[in-house]
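Taken in sequence, the protein lines are chains A and B. 189 is the number of the first residue of the first sequence in my numbering; add one for each residue after it. 14 is the number of the first residue of the second sequence in my numbering; add one for each residue after it.
Mixed in with the good hints there might be a few duds.
[What the hints assert, rightly or not] Below are the DSS-like pairs computed for lysine-lysine, each with C-alpha atoms no more than 27 Å apart in a straight line:
id: 1; chain 1: A; residue 1: K439; chain 2: B; residue 2: K117
id: 2; chain 1: A; residue 1: K362; chain 2: A; residue 2: K297
id: 3; chain 1: B; residue 1: K366; chain 2: A; residue 2: K439
id: 4; chain 1: A; residue 1: K297; chain 2: A; residue 2: K308
id: 5; chain 1: A; residue 1: K362; chain 2: B; residue 2: K67
id: 6; chain 1: B; residue 1: K18; chain 2: A; residue 2: K439
id: 7; chain 1: A; residue 1: K362; chain 2: B; residue 2: K117
id: 8; chain 1: B; residue 1: K120; chain 2: A; residue 2: K439
Please keep in mind that the hints were generated in silico from the structure rather than gathered at the bench. Computed from a predicted structure; not experimentally measured.
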Amino acid sequence: MSRAIEFLFRRRGGKGWHWTDIVTWIWLIVGLFVMFGPAVWLTASSFKSPAALAEFPPTILPYVTQKVTVEGYDKPLDLYTVTLDDGSTATLAEIRRIGTVSQMIDPDKPAEIVKVNIAKRTPVRQMSFATENYTEPFIHFDFVRYLWNSVFVTVTATLITLVVNSMAAFALSKYEFRGRTFAMLLILATLMVPLSVIMVPLYSIVSALGLFNNLWGVILPTVATPTGVFILRQYMLTIPDELLDAARMDKASEWQIYWRIILPLTAPALAVLAIFSVVWRWNDFLWPLIVLSRKELYTLQVGLSIYSGELNVQWHFILAMTVVTMIPVVLVFLFLQRFITTGIAGTGLK
Amino acid sequence: MGHIKLTNITKSFGAIDVIHGINLEIADGELIVFVGPSGCGKSTLLRMIAGLEKPTGGELLIDGTLVNNMPASDRGLAMVFQSYALYPHMSVRQNLAFGLENSKMPKGEIDTRITEAARMLEIEHYLDRRPGQLSGGQRQRVAIGRAIVRRPVAFLLDEPLSNLDAELRGSTRAELAALHARLSATMIYVTHDQIEAMTLADRIVVLRAGRIEQVGTPMELYNTPANRFVAGFIGSPHMNFLEGTVEASSSAKAIATFTGGNRLELPVAGESIGNGARITLGVRPQHISIGSGTEGIPARITLVEALGSETIVHTDVSGQKILVVAPGQHNLIPGTDIRLSLSEAPLHLFNEKGLRLEHAV
Numbered sequence: 189m190s191r192a193i194e195f196l197f198r199r200r201g202g203k204g205w206h207w208t209d210i211v212t213w214i215w216l217i218v219g220l221f222v223m224f225g226p227a228v229w230l231t232a233s234s235f236k237s238p239a240a241l242a243e244f245p246p247t248i249l250p251y252v253t254q255k256v257t258v259e260g261y262d263k264p265l266d267l268y269t270v271t272l273d274d275g276s277t278a279t280l281a282e283i284r285r286i287g288t289v290s291q292m293i294d295p296d297k298p299a300e301i302v303k304v305n306i307a308k309r310t311p312v313r314q315m316s317f318a319t320e321n322y323t324e325p326f327i328h329f330d331f332v333r334y335l336w337n338s339v340f341v342t343v344t345a346t347l348i349t350l351v352v353n354s355m356a357a358f359a360l361s362k363y364e365f366r367g368r369t370f371a372m373l374l375i376l377a378t379l380m381v382p383l384s385v386i387m388v389p390l391y392s393i394v395s396a397l398g399l400f401n402n403l404w405g406v407i408l409p410t411v412a413t414p415t416g417v418f419i420l421r422q423y424m425l426t427i428p429d430e431l432l433d434a435a436r437m438d439k440a441s442e443w444q445i446y447w448r449i450i451l452p453l454t455a456p457a458l459a460v461l462a463i464f465s466v467v468w469r470w471n472d473f474l475w476p477l478i479v480l481s482r483k484e485l486y487t488l489q490v491g492l493s494i495y496s497g498e499l500n501v502q503w504h505f506i507l508a509m510t511v512v513t514m515i516p517v518v519l520v521f522l523f524l525q526r527f528i529t530t531g532i533a534g535t536g537l538k
Numbered sequence: 014m015g016h017i018k019l020t021n022i023t024k025s026f027g028a029i030d031v032i033h034g035i036n037l038e039i040a041d042g043e044l045i046v047f048v049g050p051s052g053c054g055k056s057t058l059l060r061m062i063a064g065l066e067k068p069t070g071g072e073l074l075i076d077g078t079l080v081n082n083m084p085a086s087d088r089g090l091a092m093v094f095q096s097y098a099l100y101p102h103m104s105v106r107q108n109l110a111f112g113l114e115n116s117k118m119p120k121g122e123i124d125t126r127i128t129e130a131a132r133m134l135e136i137e138h139y140l141d142r143r144p145g146q147l148s149g150g151q152r153q154r155v156a157i158g159r160a161i162v163r164r165p166v167a168f169l170l171d172e173p174l175s176n177l178d179a180e181l182r183g184s185t186r187a188e189l190a191a192l193h194a195r196l197s198a199t200m201i202y203v204t205h206d207q208i209e210a211m212t213l214a215d216r217i218v219v220l221r222a223g224r225i226e227q228v229g230t231p232m233e234l235y236n237t238p239a240n241r242f243v244a245g246f247i248g249s250p251h252m253n254f255l256e257g258t259v260e261a262s263s264s265a266k267a268i269a270t271f272t273g274g275n276r277l278e279l280p281v282a283g284e285s286i287g288n289g290a291r292i293t294l295g296v297r298p299q300h301i302s303i304g305s306g307t308e309g310i311p312a313r314i315t316l317v318e319a320l321g322s323e324t325i326v327h328t329d330v331s332g333q334k335i336l337v338v339a340p341g342q343h344n345l346i347p348g349t350d351i352r353l354s355l356s357e358a359p360l361h362l363f364n365e366k367g368l369r370l371e372h373a374v
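Could you put together the complete structure from these sequences and hints?
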């Protein structure tokens, strides 16, 4: 711990502050807010009630106005700290508000009504986590089904991505054939074609194949990725050809060379691609939205859009479910991050 | 089993010809060494025999079968690579078993063979380790073990010792020789190290620029090199060469003038060289002795390397560097003038084209 602190507070200027130290600190602090701020805001807001979300100015933490049940009133009343005319303060409950005047009572003496200008009262607030934002979608919406659809799409698409892309990368890195460079360039060139350009033809293909309203229609068009082929190919180029020659002398077939030699040795790059693929497929929104029109086939991201209706956006549910959908991606990063750093460094890709 | 015949083998990479018509016959059980400077095509030749490269022309026969189009896996050969090429993600045992599993051998038989090879190579204790956890020498043994368990028709070894340190190289070289004696299998060994070639080979094939310069036993190559290249390549330190012109020749002798005006009487069949022909005289450093008095060629010492058992004397003979290896220890000082005597030296004569001139020594 002390070493970590020592590391964090290390300065170039030794005892004093070099100007680069100051720039570094400012840069990193700004970076921390820019990168981490939205995530913190999202998580904190997901526990807010709809009223607290609509509040202005917004708060980071979820606060609610404290309520009290008073005899003679059906509903719980909001508690306020009031500055009275004599300058003293008291905690009163609001019965109703008329214009700028609020009618309030002391919860201990419900009979006596006090009229207070609304400028002279501030709500008594306490932190409260609206966990129903999380529980309700599970109970009342088809969250579990959406989750299953998302998991199915993500896992299947990732597995197929790994197999298909590694096969392509194997051929492009370890076999000499006419047009190899051209094939590689062609694959890389598809990086420049955005989804929005090919959306319509892709849709007609998927539709013609009868994959409309089918999870496979979401999976199959996404499995071959130029990025994946590129990452794996660059990594496979570093595997010495002598290993393949040795395997050939060892009577291994080309398939065995791929499956038993190349794939295990490409594991770090495969891990990187797996992470990317999981994140891509999990966060995919537009394509599933196009292909899937039946509610029970929705993936999480499409399902989330249900909460934003035409007239009314249920932000509290959207925020809470967004947090839930973030969890798998965060977990993947937590457990596989060492592969990301070594893998990305190893592929020479940034 | 293990008879390999190469007839007029050629190989081109695109427009570049790397092998120009190799003819060679390797007998069963022979340890043959391909030696030559880097880029001479010796590894390419080995890879063609292995089946990893396809010859552009010619015929390659293993035990009488034409194998030009046979894939590497069916030729029954085993190869030891320069980098060992052990599968890094498999244990030593799996490395040894990989080739046997691929040929669908029963598990019991695989285990027997691995145990046997491991005992022979003293790697029993490392069988469950990964190659990354082994030292260079141990990896080398595993690489050889992977070849042995296959019981191949012939072993192909591509510079197997070049990644070892000098001491280990010496001991492994001896072990390889012992292994060859025990297995009595055909071995083709590629190296650029002529000491390995001399110590291991039954026969040496000296290659240069894709052509065979000479094939012969180590002593044939050492004693009667067919040309100037072989003469310079075999032997350490390499042979001294003196350029000269024939002045007078008779049926038994020729007088030639060499750099600096040194005249030497050479035993040669006179008819074969005419007066004025340019010849090269080759003398091994070990065969030159340091003369006394006014006999021999005058030379100046430039450097003395005393190795204890022998002394390597660098001398300057009228601007040309001549090495002398004198057995024992000598108290010689750089800068002093000495005389070099060739009177007892076997002389090698080469004509303008660098080909050996036969003569009576």
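A quick look at each hint next to the structure:
no.	hint	result
1	K439/A with K117/B	10 Å, holds
2	K362/A with K297/A	87 Å, violated
3	K366/B with K439/A	46 Å, violated
4	K297/A with K308/A	20 Å, holds
5	K362/A with K67/B	17 Å, holds
6	K18/B with K439/A	23 Å, holds
7	K362/A with K117/B	26 Å, holds
8	K120/B with K439/A	17 Å, holds
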